[in-house]
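So the chains spell out like this:
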Amino acid sequence: AQSVSQHNHHVILSEAASLELGCNYSYGGTVNLFWYVQYPGQHLQLLLKYFSGDPLVKGIKGFEAEFIKSKFSFNLRKPSVQWSDTAEYFCAVNARTGRRALTFGSGTRLQVQP
Amino acid sequence: DTAVSQTPKYLVTQMGNDKSIKCEQNLGHDTMYWYKQDSKKFLKIMFSYNNKELIINETVPNRFSPKSPDKAHLNLHINSLELGDSAVYFCASSHARGVIATEAFFGQGTRLTVV
Chain A
8 AQSVSQHNHH VILSEAASLE LGCNYSYGGT VNLFWYVQYP GQHLQLLLKY
58 FSGDPLVKGI KGFEAEFIKS KFSFNLRKPS VQWSDTAEYF CAVNARTGRR
108 ALTFGSGTRL QVQP
Chain B
27 DTAVSQTPKY LVTQMGNDKS IKCEQNLGHD TMYWYKQDSK KFLKIMFSYN
77 NKELIINETV PNRFSPKSPD KAHLNLHINS LELGDSAVYF CASSHARGVI
127 ATEAFFGQGT RLTVV
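As you go down the protein sequences, you meet chains A and B in turn. Start counting at 1 in the first sequence, then tack on 7, and there's your number in the numbering used here. Start counting at 1 in the second sequence, then tack on 26, and there's your number in the numbering used here.
Because the hints were derived from the structure by calculation, they are not lab data. Built from N, CA and C at the ideal position, the CB exists for glycine as well. Keep in mind that a hint or two might mislead.
What the hints assert, rightly or not - Sample of chain B residues lacking proximity to chain A, with all beta carbon distances greater than 10 Å (derived):
| id | residue |
| --- | --- |
| 1 | N77 |
| 2 | P87 |
| 3 | D111 |
| 4 | F132 |
Claimed, not checked - Estimated spans, in silico, between C-beta atoms of each pair:
| id | chain 1 | residue 1 | chain 2 | residue 2 | range |
| --- | --- | --- | --- | --- | --- |
| 5 | A | D61 | B | E79 | 33 to 39 Å |
| 6 | A | S25 | B | G42 | 47 to 53 Å |
| 7 | B | P95 | A | G60 | 34 to 40 Å |
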């Protein structure tokens, strides 16, 4: 079975601060990795994804994530956050082949103060 | 053009009632899902349909019954609603490249409140 852990439940940053949100997964096979963002009252939107290849992936709005296979990690980063980045961030995995349904982490609430 | 659309967006109903949530996707995807997001924002898969065939049915009470009339639609019917069913329900869809899974696209969510 797959599982995803997000260690930071609530992060408060000032604008222009750098962001790193942790994500670790557990699964015996090959996975796809995702970060989704949920702005207040909105649906989930894909920030970035990793299927294979370069472990450093760039997403929308200046976000990037690095897949470290040896650590089963897929941490999300942004060099300089903005107030508009205030949202809930979810790390998710699915099996590369077979079960396509996403397994989500518990989410990290990011609050950016102006 | 909304890729994954679900209706209604808000649903307030009394305990014991039966209600349905509808979902449609215009992405040509072959797999559709229902996820439940609880009050702590935790997201969990409920059902998954591939080409109208049920392939995932997590431990969900049998008061919840999904129905997929075609590949583009996946509805969720809930009988005898209980207070604990209050949550946001998200529909999603995805497509495989061959056997390789890809990302899911989500609808706007339906906030169900049972009173």
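List, from low to high, the hint numbers that the structure doesn't satisfy.
4
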